[in-house]
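There are 2 protein chains.
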Amino acid sequence: MEYKFSDKVSGLQASAIREILKFTADPEVISFAAGNPAPEAFPTERIAQISAELLRDDPILALQYSITEGYTPLREFLKGWMTEKGCFHKEFDDIIVTSGGQQANELSCKVLLNEGDTLLCESPSFIGSLNAFRSYNVNLVGVDMEEDGIDLAKLENALKTEKNVKILYLIPNFQNPTGRTMSLAKRKAVYELACKYDFIILEDDPYGELRFAGENVPSIKSLDTEGRVIYSSTFSKLISPGFRTGYVSAPAPVIQKMVVCKQVSDVHSNIWAQVVAHRFMTTIDREAHFNKLRAIYREKCDLMCGFIESGFSKEISYVRPQGGLFIWCTLPESCDMNAFCTRAVRDYKVAVVPGNSFSIRSDEVSHSFRLNYSTPTNAQIEKGMEILSRMTREMLG
Amino acid sequence: MEYKFSDKVSGLQASAIREILKFTADPEVISFAAGNPAPEAFPTERIAQISAELLRDDPILALQYSITEGYTPLREFLKGWMTEKGCFHKEFDDIIVTSGGQQANELSCKVLLNEGDTLLCESPSFIGSLNAFRSYNVNLVGVDMEEDGIDLAKLENALKTEKNVKILYLIPNFQNPTGRTMSLAKRKAVYELACKYDFIILEDDPYGELRFAGENVPSIKSLDTEGRVIYSSTFSKLISPGFRTGYVSAPAPVIQKMVVCKQVSDVHSNIWAQVVAHRFMTTIDREAHFNKLRAIYREKCDLMCGFIESGFSKEISYVRPQGGLFIWCTLPESCDMNAFCTRAVRDYKVAVVPGNSFSIRSDEVSHSFRLNYSTPTNAQIEKGMEILSRMTREMLG
Chain A
0 MEYKFSDKVS
10 GLQASAIREI
20 LKFTADPEVI
30 SFAAGNPAPE
40 AFPTERIAQI
50 SAELLRDDPI
60 LALQYSITEG
70 YTPLREFLKG
80 WMTEKGCFHK
90 EFDDIIVTSG
100 GQQANELSCK
110 VLLNEGDTLL
120 CESPSFIGSL
130 NAFRSYNVNL
140 VGVDMEEDGI
150 DLAKLENALK
160 TEKNVKILYL
170 IPNFQNPTGR
180 TMSLAKRKAV
190 YELACKYDFI
200 ILEDDPYGEL
210 RFAGENVPSI
220 KSLDTEGRVI
230 YSSTFSKLIS
240 PGFRTGYVSA
250 PAPVIQKMVV
260 CKQVSDVHSN
270 IWAQVVAHRF
280 MTTIDREAHF
290 NKLRAIYREK
300 CDLMCGFIES
310 GFSKEISYVR
320 PQGGLFIWCT
330 LPESCDMNAF
340 CTRAVRDYKV
350 AVVPGNSFSI
360 RSDEVSHSFR
370 LNYSTPTNAQ
380 IEKGMEILSR
390 MTREMLG
Chain B
0 MEYKFSDKVS
10 GLQASAIREI
20 LKFTADPEVI
30 SFAAGNPAPE
40 AFPTERIAQI
50 SAELLRDDPI
60 LALQYSITEG
70 YTPLREFLKG
80 WMTEKGCFHK
90 EFDDIIVTSG
100 GQQANELSCK
110 VLLNEGDTLL
120 CESPSFIGSL
130 NAFRSYNVNL
140 VGVDMEEDGI
150 DLAKLENALK
160 TEKNVKILYL
170 IPNFQNPTGR
180 TMSLAKRKAV
190 YELACKYDFI
200 ILEDDPYGEL
210 RFAGENVPSI
220 KSLDTEGRVI
230 YSSTFSKLIS
240 PGFRTGYVSA
250 PAPVIQKMVV
260 CKQVSDVHSN
270 IWAQVVAHRF
280 MTTIDREAHF
290 NKLRAIYREK
300 CDLMCGFIES
310 GFSKEISYVR
320 PQGGLFIWCT
330 LPESCDMNAF
340 CTRAVRDYKV
350 AVVPGNSFSI
360 RSDEVSHSFR
370 LNYSTPTNAQ
380 IEKGMEILSR
390 MTREMLG
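Residue numbers (numbering that gives the first Met the number 0), protein chains in the order written: chain A, 0 to 396; chain B, 0 to 396.
Derived from the structure by calculation, the hints contain no laboratory data.
One thing to keep in mind: the hints can contain errors.
The list treats identical chains as one, so a pair stands whether inside a single copy or across any two.
[To be verified] Straight-line distance between alpha carbons at most 30 Å, and here's what the computed DSSO-like set of lysine-lysine pairs gives: (1) 7 <-> 21; (2) 159 <-> 195; (3) 89 <-> 3; (4) 159 <-> 89.
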């Protein structure tokens, strides 16, 4: 038979990064294209120990159906922890446990947007989120970024010209793909705009705890007095992405609708992972664990940045990230970025992600590419960056 | 601020069963309202053993990001197993692992239906699926059931009168809530109608392996020559519902779109559970395990049916199920079903689910209620059914 798909998904493509990742099946290729946490960052022994105790002493808890909102002790822990971080206002917020940070994006979109409503976001932005928004046929509008975050003048212009703006989607800390962090002044300004133009901010913060340089910047959620911020984060980078355990702190009426939508989507998230995450977070020295992770990513980032600074052609610019997993490099406008990335993986066997993978519109021209330092080993970073350095100098001088 | 939700979710309510389940927090209440597998059906020791080995020998596999389609060895196992069961046609089908059976419903709807398109289903039907369909603002039309499944004349009438019928949703084995099984003749007939009227059948089969009486009936998927059947099932009743691990066998182009939609929904399902499910299914004696489950549910069902036959007022009718988890009882039309269910839980401390929870339209009148025998212990079944028996005789004679 001939299959007719719904309007909302018929144009939807699998992540373009997956296409690049196909090349990385070649064992000769060194990949800076992924976004996986470093394997050495997983607290494998402690997870195994907690899991063994759980399945021995409380197997039915770990295996039976659970409630959609999430495992109650985990939600209670999150309320406390998020309060400490300024990300939970007990007067009006509630918490839902989600199947990874990704589900927070999808639920926000499904709950708040009709087809054709406008969702604003940073340009470029995380492809997984963009595709979630696209899958609801919303009017997706990108706003250019500066070094310290979204361009406020362009944002206000979009707010004046676009119709039915319901959500502004932001990754304020170590943004994917740019690695940039939004300044406190801009966080305050976008919150004021949200109040003035009556929209909701979806603050996606998967990397916030992975700050290895500079000073912590308060979240936009911490500035939320009117209940306008949906704050989402995840245990993917702190414990394990395979868990698919994330969480959202948002005004109770929004959480209530998210619960109804999550119920019809997957009933609840894997409960073994929720219980393990709860026991892990409440029995370890959290700061010591986070410091260990920060040290791993600081070392890898420093190693990669060292090569960019001493080895790359001076024609390539970048902003050194203060945390997270990614570095964003920009080629001179004379250089064909797609040709550069294709040549890198085909001829030099080093995979990077072409910047237009993160574009909001398909007709945008990007001159940038994304490097990831969390997944490769230090030896792979050294070898791959030496090759890339040579290639950039040969091509650009 | 005042929250405005999307049209598709603003009318959506949490499952009405949850309201009933609130009463069951009272420890005095005996609940026949749930739908959980029997705790004694969980293979807890084997799961603990497999998990311990996995987290010891291959922790990164269990904790790192994985691919959206599902863990490859699990998909390969499923292709073989589903082929044996006639539910996978290697010429045109593919497999995706989902976050429980529930996600299969949501993905099918998102991939194939625009708002306003028609989805037909049995009336009554499973509330979780109905709410998934409602959350996409589709035209949901119920078709009455007979003892051997959907009423074919009424189905064909709906096909002639409803516009843009894209999907017929069916639970052919031990349907939730009625416990009824569709005859082979009707399965053949609905497949022919699908070919004639050009729609897709979504065959939801969570209980198929839990047949404890009567002869196995071939799946509709096994009759699929044109690639018109999306077959979904789950490990929830065979291993653990807390895993949230289900699967879909469907034509490759449909699976491809489901993969894209699942990617934006939760990236992939919890990978620990996928690996444990694969190792469990490929290392145990499957038939012996299923026979153990069937024996548990046969005993519980027989126990409950015994009370209905010898204790209930003769005014109450029911069809004895041949498998699954539920019994559907119908009161005489003179009896107010909602008053009956409320009185049962409030005055007699026995919870059952009012039949209108499974209605397609809110204005439908139901005279039935659903009993579950899988969750209560045998002692609870005995005590609760004695009370219910007494109550039915007091009320109905």
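To see whether the hints hold, each was checked on the structure:
1. Within a single copy, residue 7 and residue 21 get their C-alpha atoms as close as 26 Å, which meets the 30 Å cut-off; across copies the closest is 37 Å, which misses it.
2. When the C-alpha separation of residue 159 and residue 195 is checked against a cutoff of 30 Å, the pair qualifies only within one copy, where the shortest distance is 11 Å, while the shortest distance between copies is 51 Å.
3. Only between protomers do residue 89 and residue 3 lie at most 30 Å apart by alpha-carbon distance; the minimum there is 22 Å, versus 47 Å within a single protomer.
4. In this assembly of identical chains, residue 159 and residue 89 lie within 30 Å of each other by CA distance neither inside one copy nor across copies; the values are 33 Å within and 54 Å between.
Against the hints set out earlier in the document, a violation occurs for number 4 only.
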